[in-house]
Structures are given as structure tokens and as C-alpha cells.
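Asks: Residue numbers (my numbering), protein chains in the order written: chain A, 1 to 781; chain B, 1 to 293; chain C, 1 to 156.
Any given hint could be a false lead.
If the Cβ cut is set under 7 angstroms, some of the chain C residues that face chain A in the computed set are [said to hold, decoys possible]: (1) Asn10; (2) Ile48; (3) Gln89; (4) Ile93; (5) Cys100; (6) Phe102; (7) Thr104; (8) Arg136; (9) Tyr141.
Each computed DSSO-like pair below joins lysine-lysine, with the alpha-carbon atoms no more than 27 angstroms apart [claimed, not checked]: (10) C:Lys2 - B:Lys24; (11) B:Lys41 - C:Lys2; (12) A:Lys171 - A:Lys154; (13) B:Lys279 - A:Lys767; (14) B:Lys251 - A:Lys767; (15) A:Lys767 - A:Lys390; (16) B:Lys184 - A:Lys773; (17) A:Lys137 - A:Lys88; (18) B:Lys184 - C:Lys56; (19) A:Lys691 - A:Lys767; (20) B:Lys184 - A:Lys767; (21) A:Lys137 - B:Lys279; (22) A:Lys691 - B:Lys41; (23) A:Lys517 - C:Lys86; (24) B:Lys184 - B:Lys251; (25) A:Lys517 - A:Lys171; (26) C:Lys2 - A:Lys50; (27) A:Lys773 - B:Lys24; (28) B:Lys41 - A:Lys773; (29) A:Lys773 - B:Lys231; (30) A:Lys691 - B:Lys224; (31) C:Lys56 - C:Lys152; (32) B:Lys224 - A:Lys767; (33) A:Lys773 - B:Lys149; (34) B:Lys155 - B:Lys224; (35) B:Lys279 - A:Lys691.
Simulated coverage check for chain C against chain A, where a stretch passes if three residues somewhere in it have a Cβ under 8 angstroms from a Cβ of chain A [stated by the list, open to error]: (36) 49-59; (37) 75-88; (38) 122-134.
The hints are simulated quantities; they were obtained by calculation from the structure and are not laboratory data.
The C-beta atom is built at its ideal place from N, Cα and C for all residues, glycine as well.
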Amino acid sequence: MSEQVSELLDSLRAKAERGDLLYIGESVVRVDSLEKVLGSPVYTADLIPKGTVYAKLFHSSVPHGIIKRMELGQARSCPGVLGILTPKDIPGLNESSAVLPDRQLYADPVVRSTGDILGAVVAETYPAASDAAARIKVDYDPLPAIFDPLDALKPDAIRIHQKGNIARQMKIRKGDVEEGFSRSDVILERTYRTQFQDAVPLEPEVGLAIPEDGGVRVIGSMQSPHHTQAAVAKVLKLPPEKVHVIQAVTGGAFGPKSDETPFDVCSTAALAAVKYRRPVYCGLDREDSMVMHTKRHPFVITHKTGVTSDGMLVADESRLVGDTGAYASLGVFVIVRATFHTVGAYEIPNVKADSFLVYTDNTYSGSLRGFGGPQAIFAIESQMEELARKLGMDPLEFRLRNMLVPGKKSATSAVMDGSCGLPQCVEKVVASSNYREKAARYRNQNGNLRRGLGIALLMHGNSLGPEGNDYGAVHIEVLSDGTISVGSGLTEYGTGAMSGIMQVASSVLGVPLSRFKLERPDTSKHRESGPTVASRVVVIGGNASKQAAEKLRGRILPLAAELLKTDDKRVTMVDGMAFDRRKPSAKVEWDTIVAEAYRRGVGLKEEGFFMAPPAPWDQEVGQGTPYVQYTWGALIVEVELDMSTGYYTLVGAHAAYDVGKAVNPNGVLGQIYGGTVQGLGYAMMEELLHKDGAVVNPNLGDYYIPTSMDIPREFKAFIVEVPGPLGPFGAKIIAEPPIVLPGAAVRNAVLNASGVSVDDLPVTSEKVLMGMKLRQAPRTH
Amino acid sequence: MSSLELYSPTDLSDALHFIEREDKNVAVIASGTDLMPRMRKRQISPSVLLDISSFREDFRFIRQSEGAVHLGALTTVSDLLESPIFYGRLSVIREAAMLFGAPQIRNVATVGGNVCSAASSEDLIPVFMALGAEARLVSARGDRIVPLKDFVVGKRATVMRPSEILSEIVFAPPGGNSWTAYEKLGRRNMLIVAMVNEALVLTLEDDLSTIRSASLALNRVSGKVPALAPKTAQFLAGKKVDDATISRAQKVLASELSLSDDFRGSGAYRTEIAQVYLKRLIERCSQRLGGPS
Amino acid sequence: MKRLITLNVNGTDHPINVDVTVRLIDVLRDQLGARSVKEGCSTGDCGICAVLVDGKLVNSCLMLAGQCDGRRVTTLEGLLDDPEMKRMQGSFIANNAAQCGFCTPAMLMASWDLARRASSPTDEEIKVAISGILCRCTGYYQIIDSIHQGCKGTRR
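Isolated chain A (complex conformation) (with noise of 0.2 angstroms):
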């Protein structure tokens, strides 16, 4: 045997060796990478065809009232306009809501907020819709408006919903927290505030529609094509089957295209394409997606916490205000996830939480990734940062006597167990930011420029959870010419999740990704899979994909025994090529396996499925065990702050994630780095603002997301993996679990640094400084 061809073999044997782990752990290129490069035209905007005309969403200009008239004729005769569609072109229902039917497509009569649509213009360029669209004028009825969610839970407020101002309650009554404030040695009790967060996809929501065959296809940027598909042919009056709804490649998501915008969007298309025969392109610009879309909803979070005079946490009671604006959205969940994270990582024995999702008349929220999460770690963390203060003990001490670790009890009281990787991720990063002789150098500082450092931990529940029924299909069809195709209602949208599941199925089947190719999400072609939400596509996907690929293999080893002469049990599938472990000279290769199959006619197409378990829980006192595994997470944020101006820079982060198994290091490395920087904007620059319910800065030039300047100056980022009980290999999910801690680090870091508490987001340099002034804390001036 020559040399290379013994290296090869050798090569071969060895990767053969890793098994089932054969390619997962490596940093493999994703599979939509390459048309990403090349600027390829894939994006919803870049499909229109000839011919399409142009739908642009018209709002309400106040925030609460009843329409009384709309006067339309001015932009009706406005050039290139086609007509104006209003609730009366709706043939079905006048719906576009994704949980509660409590929000129309097209507000009528009564208006809640100023993102409410009211309509569309249909003209033949976008320019002329959007003149015609600054025409319409409206004259409402007022009624008065909510804009603080505290003044909503009011006996005397005005009912924004007829069932009145809460939309969701829920509790936690774990132990006795009365008794615990009784043996407590200190108490504190402080109330914490988050605010609106936009989550700025670079890529608005858009949608096309084209009329076909009695009904309409939908091509459109959106996180779940089979809730678009309900959702459109709700409002169309039109079967299911007759709205085929194609993800396209979608610029980003984190949460809102998984709400009602492309809904709204996609609806809007489809109704001025079949009204008028003509493909229709509805695409929101900036500002109408920053007045319309879902925001991450506020929050105002009051801890009373006890702690023993030796740091040993022993009641915490919170109440948690979350502030939905005129719909509820997703905000049901959201409220719930916010809910049970409501102590972070930390074992408290006696655990009471009421909270409250809360209608006002500001512009609604729903989904943006960290879902409740980062609003409520926020608080605990803050919390967590002051009790330390108040006992004179060093944060990070605090916080490794109370942390939860294997054995300990949540604030559900779930007992983690050995996939517990918090103390690990605490471990890392500790030693990466070199914490310990840090923390006690910033402890005597003079001089206008000092540092301080920030920490805070994460436990982060995987999945839908108790949301609902949390499953996925994803089939996996082997193509004449070798390629391997996989298709699924889950959808990819930057995270680089699809590709992951891709790559289980390529370590499974022992096929290199570069043969792998993903097909476009496509209601008549994939399964209803669930929307593409809380990061479940690795854990959720990752299943199906396996299954699937551990069905085709099961089809293909035999063949492929048959072809080398051997039996199935010594067939070994590396790098696209099938030996014989005890004859590795005898090979063969993928295709010619492939071409055997189609040639006997052995089907190679699969289908997995896969359903998480149920994550029962007593709704009446929030027990039980709501997830079934959790990612872990540690960061500690270095500022360096000038004390004359409140000003800080970034001067490093430290980030260890927990995710079970990392299938695609460098795609985990992205979303820790993506996530983080995107937290990162939440706890120092981003607010999305309302006066008097009119949105007051929705461009990207008055709402502040941060540049390649503002990140840290050194990012430290570092995967830990205890594998967990869910997801394939062991894999937990890392998409939302890194934006959820900066809002916490960085405040912690700044109170630090300047001794200046800041307790509502974003820590602004105004914060910092006025409340140093109001301190009269000594400054260099």
C-alpha cells in the first residue's frame, strides 16, 4: 500500500475512532456562508419581480382613541396609487395576534397605541405609496392614555382591554418568606427598572406576495413560516394550503419576526395581491419597524431580600412589572420565563414572586432574545451586588456561597443536578479578568480615572419550557448527485443554528457539510416545527436531525456493506467514504453508495421528529420543574470610568458559557460575542423612548446601538461544556443566553468604579455623574 493512501486510511481510522463525535467540536464553515460573501441576491428585497407594486403600512398618530373618520381621497388620487386597503378589503378575520387574540390586523375603531396600523397604500413605487400615505388623515375620538405600566394596575385606570389591565399574572410561593425576613440579620429592599430595548435586525420586515392559483405564495423575512401561514390565511379567509409561505434569507430576527410584524407585513402583501392581481412587495423602512414591531418590554422589578450577617441568602420576596404596551404579544411567556428566573442562579429557600404583565398605551412588546431574561437578572444581580455591599463582603464571595451548584434547589425547587456548570463558567472567568488582585487594587483608587469590575451569573432555562408543546421535524433527502439536503420548518436567520443541526446530521451519516444544503423553509414542503424562538433549534433541531440521519444511515450502511462485501457491524462511514474497520483498503465512496441506491430504487429520504419532554409545573405557586435542562453562564465586565463626566469605556470582558456540547465552536464563539455585545448596548446606550405615546427616536441616528468603537477593548470568551440530559451530544442552547448578563455586569462594574448606584437601564454617563452629585461624592473637578 503507497503511503498516502496508508496515511489517508490512518487519518481515516482516526477520525473514525471519534465516532459519533466525528465533526461536532469543530469549527466547520457554516453552510450559508459562502452566498453571504458574495453578496448574493437571497434576501426578500432582492426577489421582487417585475410588475410588483407596493404596500406601505399606515399608523395611528395617537395612542389611545376611537377612530371617527378617515379621510382617504387625497392619497387615493395621489399618482401610481392603486387604492388604500382598510379593514373592509379584509375577507376573513381582522386579526394579527400570536397569543391572545387581543390585537387586530388593522386597528378598528378603537387604537391603542400609535404603532397601531390602520391600513395600507397599494401604489406602484414606494416613494408614491409613502407620499400618498402622508396624506391620509385621521380624526380620532381621544380616550386618556396609559403611559406607566404602575398607573395601569391602578383600581381607577382606564380599562386599554376590555377584560381589563392585566394580561397575565403569575407566583411563586416557594417556602416562607416571612419567616426568612424573621431570621434575617439584614434586609433590603430596592426596585429596579429596564427599559424599552429595540432589537434592530439590520434587515427590516418585509414581505412579498405573489397571487398563485387561487391563492397567494408568501416570500418573506420571518422567524416562523407556518405561523405566517395561519396567520395570513386567517385573514384571507383562505385554506391553509392555499397560502405557501417561503422563508427567505432573513437579516437578522431576535425576536420581533417571530411576533406579529410579519404578520402584519406578509397579510397586508397578500391581500393587495390578490385584490388587485399583482405581486406586492410590503417592506417596512426603519422607523416603521421601530414604531411597529415588538420591543423587549420594561420592567419595574422590587426585591426585599434577607441574608444572615454571614451572607447566606434566606428570603427573597419580588414583584415584577412588565410593561406590554397596547398588546399582549408574547408578552405571556415572557412574563413567565422573566418569572421563574426571578433569583438568577442563586439557591434562596424561601422564594414569593408576584408579577404582573400589564396593558398601557405604549407601543407593544413581545419577543427579543433573553425573553424576560435579561430584565430580571438585572434586578437579582443588582440586588445581589448591593447585599454584598451592605455586608461589607466582596461581591464575587457573595456570590459563590449562594450560587447553585449540583444538589442545590431553584427558586422553582428543581434540584440541579451534575449538568450544572456554573461553577465551572464562575472558575474561568475569574481567573481570565484576574478578579481577585483586580478587585482589591480598585478598592483604593484616586486620581479621575478608575476601574471597577462587575459580575454576574447566569442560569438561563433551555427551550420553550412551559410554554407550550416544544417539538420540531426535520427531514433529510439524499439527491441523485450525492448531495444531501435537509429541510425544515425551523428557520436560520444569522445564529447559524440550522447549519449546527446540519453538522449532526454530517457526523452521523460521516459526510463531510460541504455536501450538505439547506433548503429554504416552505410551509408545503416542511412540517410545522414550532416558531424558531428561545434558541431551540440546536436542542430541538438538533434531535430531529439526528434521528433523521440516524434513519438514512441505517439504509445506507447496508448498502454500502453490500457494496465493500462485508457486514453492516464493520461498515465505518468517515469523510464520505464507507470501509471496512477490519479491511480498510476496501472503500467506497458516497456517490457511487448513492448512485447504487437510486439505481435499486431504496428511498433515501427520512424524517425526524422530536418532542421535549413535558416540564410540568403547579401554576398556583410556580413549583416544579418548568425546564428540563439549563444553560449556565458567567461574565465579568471591566469599566474605566472618568469621574468628572460619569463616562466609561469597555475595558474588558470575560464571558464562559455552560453549553453542554459545543457543536460549532467558533458559531458558539459568535453568539457569546454577537450576544454580548448586543447586552452590552441594552446596559449602556439603548432606550427606545415614548412622549405621551409617540415614539420618539425611531432611526438608527437618535437610538444608539453599539459600534465596532464601543466594544470591549479585549473579549475573553470561553466554552464550558457539561453535557446536559436534552439536547443532541449534550448540547444546551447559546443564542439568547448571552445577552442576558451585561445590563447587571457593567451597572455592577460602574457602582464599583464610582460608587454610584444606577438602578434603572440603560447606566448612562448622566446617570453616573448626577448621582454622583447627588451623593456629593468626592471627584477630582
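Go by the hints and put chains B and C onto chain A.
Replies: Just chains B and C now, kept in the frame of chain A:
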């Protein structure tokens, strides 16, 4: 917007005659970095855009002649950064240019556009005001020179007549005992509309410990208008460079400023920052001159 | 109002009759098929519409096409065969710099432009070069790594 007209004159004389006789609502456009977003947000609706971008060769220059620096109106911010002259005593121009927007904006945004928009978001105006710059305004009926401090009369309001175009900014570079400095603060590190932006030209006596004169300008002094802070400058003249002077000057500045709140920040905070920056700018200039720090 | 302009895009002269209100991005995308140019904010704040005009990186959403007569525009489509761009693209792929991909063409244009001017740029120089292009997915780190590698000269 669909009835908008665009007129790209062949030369300056053509442009001047056009606006002399045009009675529709004309807006001059160079790079469009200020005008385009405002039109998009429907904050302004001109009927005609007078495109002067093609005068590049006539209006785009950086010249030093007879002790004066001349910046053509179409000089871009990138041109300022690439020029070899804005160092040392003139470093204030580089400092402002480096914090201006982002590369794509710097490559097209013009000196003239900055000054004519007269907004507190335009970073170069305080710098030019502190330098005592003048604007040359040309029209079909002749030219005139307006000191920049008199040029801006209100929020986005200038003394320019509809028939005038700004052709250049001129200033004398500060002399031997002078130094310049600039500070800017916003919500993040780059690509920001400043909350505070402040420029100082400080001239010391030959003893290098007493201030001969100062020229101070900010993006907002009263309301939302970029202007000089003459009371503070006047206070500084003749004083020794020491902590007591700086402390008192800060108080004068605080009383001179009348800053309103907006969604970026409160007037109180901006006033605080302006005072902090005053100290920094004085110390920096003094130190560079070899005076006390 | 319409105007006849000649726009050189990626080396080819295109005489086109444009409405004066039309922006450069509209002409590039809708009339000349350069769909790598993306629109993210319409106000010049996100940079994903960035192209090279007469060799300078500019936001195409802020330029009126009517002002571009005689100008030379370069988009990603025009650089697909350029060896330096290919090297940059390969580096982006290897370093996972493209997640959702929407900012990627603009990032590549800025990177290519930087690589022409600096064969071994520092971290700071890279950050400044892309400071006007927003990315919401990556946090910039893997893009910065890609640019280091993709520039001429050795990786830091």
C-alpha cells in the same frame, strides 16, 4: 418628493443667477448627509435642489495664503484629516474631524454643509467659531464676509439670503502663544450627535502663566444654537492660569449657558460637562504651550 | 423631473434616465442589479449601503443619483474576481464573520478599501475603518479577526 427638481449648474455664475431669479423653495445640496435624512423624515420639503457638488474643483481646497487658512466650502471632512496642516496649533480641526461621524460620512460631508446647516449637531461650527473664522458668501450681486459668530442666529438659522451661497471659510491660524483643543461627548464613542462639543483657542502672555485671551465656542450656549461663550472668554482674559481661575471660569460658563433638556440628555448634565471640559481644554492648551498644567 | 446621467458601475458605463429624487442605492439595486447593496436605515446611520464612489467609501442611501453623472461606482459585484477581495471573503468565511449576512457586503467593501491602504492595519485602524457600519449579529470580533487575516501581510 416626486415633484422635486434638481438643478446642477455648470459653474458658479450659473448657480448664482439661478438662485437670484428662482422664486421656488430652493435648498442647496452638496453631500446630502444633512439634507437627505431631513427630507426623508419630512422635516423639510424644498421644491428645488441646487446641486453644487459639481463645483468640486472650484470650491474644494485647503489653502494657506498671507497668514490665513482658506477652506473651500466643498472641502470634505476627510480632506481635513488628510491635510498636513492641521497639526500643532491647528490640531483642533483634526481632533474634531476624527470624531466626526464615521468614514463614509467624512468622505462626503463638507465644511460648507456643516456651517450652513447651523445645527448644534454639526461638529465643525464651534471649532470655526472659536478660531474666529469668517464665512465668505457669494451672490450674483456681490460677495460679503460674515464672521461666523454673527452667521448663526438661531436654531438652524443663518444670516444667509436665499440668493447666497457659502464659498469658503477663512481664519487666521492662532499665533505663537496660542493653542487649540476640542472635546466631544455623546451616548457612545463614535457616530453620535454630540450632547456637548466644545472648542477653545487659548493665548497666553509671554510669561506663559497668564492668559492674554481666550476664544470659546460650544454646540449649544443658549437653546439649541452653536455659539461663542464670550462672557467666559472675557473673564479668562488677563487671569493667571491656576485652579482658582479655572474654578471661577467654570462658574461664569455655567451662568452663561442656558441649556435645555432633550432626549439625549438634560440641560443640567450638559452644563456640568461643559464646565468639566473647560478645565480640560484650558489645561491642555496651557500644557502644550509650556505653561502650568 | 428626469435627468440623463452616465454612471460607471463596476467598469461599465450605464447611461440612464433617472428621476431626480432617486438615490444612488435605488439605481444600483433596482436598475443595475447590484443587489449586494443593502438598505438598513435610510438615514445614513447604519452604513450597510456603503459602496465606493470615485474610490471613496460612501453611503449610497444619501446620494442622489442625479448628482452622480460621470462618477465611478464600485460594488461587491464588481470585485468578485479581484484576488484581494477573494482573500478577504475567504477570511470572512474561515473566521465566521458573516452571521445573518446583511452587513457583510458593506463590511467587505470597507475591508477591501482598508486593505488597499494598509497592509498590516492595527486593531484600532480596523475598528475605525468599519466604525460606520453597524452589525447586530457578530459583535464585530470575528469581523476584525477576518480583516487582519485578509489584509496583505501577516496576521497579528
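Asks: Compare the structure with each hint and give your call.
Replies: Against the structure, the hints:
1. Interface hint status for asparagine 10 (chain C): violated, as the beta-carbon distance to the closest one in chain A is roughly 12 angstroms, over 7 angstroms.
2. Checking isoleucine 48 (chain C) against chain A by beta carbon gives a least distance of about 6 angstroms; that is within 7 angstroms, so the hint holds.
3. Given hint, glutamine 89 (chain C) at the interface with chain A, holds; its Cβ is 4 angstroms from that chain's nearest Cβ, closer than 7 angstroms.
4. Checking isoleucine 93 (chain C) against chain A: minimum C-beta separation of about 5 angstroms stays under 7 angstroms; hint holds.
5. Taken as an interface hint, cysteine 100 (chain C) checks out: its beta carbon lies about 3 angstroms from the nearest beta carbon of chain A, inside 7 angstroms.
6. Against a cut-off of 7 angstroms between C-beta atoms, the interface hint on phenylalanine 102 (chain C) holds, since the closest Cβ of chain A lies about 3 angstroms away.
7. Interface restraint check for threonine 104 (chain C): the shortest CB-CB distance to chain A comes to about 5 angstroms, inside 7 angstroms, so the restraint holds.
8. Hint on arginine 136 (chain C) holds. Least Cβ distance to chain A is approximately 5 angstroms, under the 7 angstroms limit.
9. The beta carbon of tyrosine 141 (chain C) is positioned within 7 angstroms of a beta carbon in chain A (closest approach about 5 angstroms), and the interface hint is therefore held.
10. For the hint pairing lysine 2 (chain C) with lysine 24 (chain B), the CA-to-CA distance comes to about 18 angstroms; that is within 27 angstroms, so the pair holds.
11. Under the criterion of a C-alpha separation no larger than 27 angstroms, the hint pairing lysine 41 (chain B) with lysine 2 (chain C) is consistent with the structure, at around 23 angstroms.
12. Simply put, lysine 171 (chain A) and lysine 154 (chain A) have alpha-carbon atoms about 19 angstroms apart, close enough for the 27 angstroms limit, and the pair holds.
13. For the hint pairing lysine 279 (chain B) with lysine 767 (chain A), the CA-to-CA distance comes to about 21 angstroms; that is within 27 angstroms, so the pair holds.
14. Restraint check: the Cα-Cα separation between lysine 251 (chain B) and lysine 767 (chain A) comes to about 22 angstroms, which is no more than 27 angstroms; the hinted pair holds.
15. For the hint pairing lysine 767 (chain A) with lysine 390 (chain A), the CA-to-CA distance comes to about 22 angstroms; that is within 27 angstroms, so the pair holds.
16. The suggested pairing of lysine 184 (chain B) with lysine 773 (chain A) holds, with an alpha-carbon distance near 21 angstroms, which does not exceed 27 angstroms.
17. Of the supplied pair hints, the one linking lysine 137 (chain A) and lysine 88 (chain A) holds, its CA atoms being roughly 18 angstroms apart against a limit of 27 angstroms.
18. Taken as a hint, the lysine 184 (chain B) and lysine 56 (chain C) pair is honoured in the structure, with Cα atoms around 26 angstroms apart against an allowance of 27 angstroms.
19. With a C-alpha separation of about 20 angstroms, the suggested pairing of lysine 691 (chain A) with lysine 767 (chain A) holds against the 27 angstroms cut-off.
20. Among the hinted pairs, lysine 184 (chain B) with lysine 767 (chain A) is consistent with the structure: their alpha-carbon atoms are about 18 angstroms apart, no more than 27 angstroms.
21. Annotation: proposed proximity of lysine 137 (chain A) to lysine 279 (chain B) is violated, straight-line Cα distance about 52 angstroms (limit 27 angstroms).
22. Our distance criterion of 27 angstroms between C-alpha atoms is met by lysine 691 (chain A) and lysine 41 (chain B), whose separation comes to about 18 angstroms.
23. Of the pairs offered as hints, the one joining lysine 517 (chain A) and lysine 86 (chain C) holds, with about 22 angstroms between alpha carbons and a cut-off of 27 angstroms not exceeded.
24. A distance of roughly 20 angstroms separates the Cα atoms of lysine 184 (chain B) and lysine 251 (chain B); the hinted pair therefore holds under the 27 angstroms criterion.
25. Restraint check for lysine 517 (chain A) and lysine 171 (chain A): not satisfied, since their Cα atoms lie roughly 46 angstroms apart, outside the 27 angstroms limit.
26. Under the criterion of a C-alpha separation no larger than 27 angstroms, the hint pairing lysine 2 (chain C) with lysine 50 (chain A) is consistent with the structure, at around 21 angstroms.
27. Using a Cα cut-off of 27 angstroms, the hinted pair lysine 773 (chain A) and lysine 24 (chain B) is violated, with the two alpha carbons roughly 53 angstroms apart.
28. For a cut-off of 27 angstroms, the pair hint linking lysine 41 (chain B) to lysine 773 (chain A) is broken: about 38 angstroms separates their Cα positions.
29. Between the alpha carbons of lysine 773 (chain A) and lysine 231 (chain B) the distance comes to roughly 26 angstroms, so the proposed pair stays at or under 27 angstroms and holds.
30. At roughly 20 angstroms between alpha-carbon atoms, lysine 691 (chain A) and lysine 224 (chain B) fall within 27 angstroms of each other, so this suggested pair holds.
31. The suggested pairing of lysine 56 (chain C) with lysine 152 (chain C) holds, with an alpha-carbon distance near 20 angstroms, which does not exceed 27 angstroms.
32. Between lysine 224 (chain B) and lysine 767 (chain A) the CA atoms are separated by roughly 22 angstroms; this keeps the pair inside 27 angstroms, and the hint holds.
33. Only pairs whose Cα atoms come within 27 angstroms are accepted, and lysine 773 (chain A) paired with lysine 149 (chain B) is rejected, the gap being roughly 34 angstroms.
34. Straight-line distance between C-alpha atoms of lysine 155 (chain B) and lysine 224 (chain B) comes to about 6 angstroms, which keeps the hinted pair within the 27 angstroms bound.
35. Restraint check: the Cα-Cα separation between lysine 279 (chain B) and lysine 691 (chain A) comes to about 35 angstroms, which exceeds 27 angstroms; the hinted pair is violated.
36. For the stretch 49-59 of chain C, the stated coverage by chain A is not satisfied: 0 residues place a CB nearer than 8 angstroms to a CB of that chain, which falls below the threshold of 3.
37. Residue count for the stretch 75-88 of chain C with a Cβ under 8 angstroms from a Cβ of chain A: 4. That meets the three needed, and the coverage hint holds.
38. With 8 residues carrying a beta carbon less than 8 angstroms from a beta carbon of chain A, the stretch 122-134 of chain C meets the three-residue requirement, and the given coverage holds.
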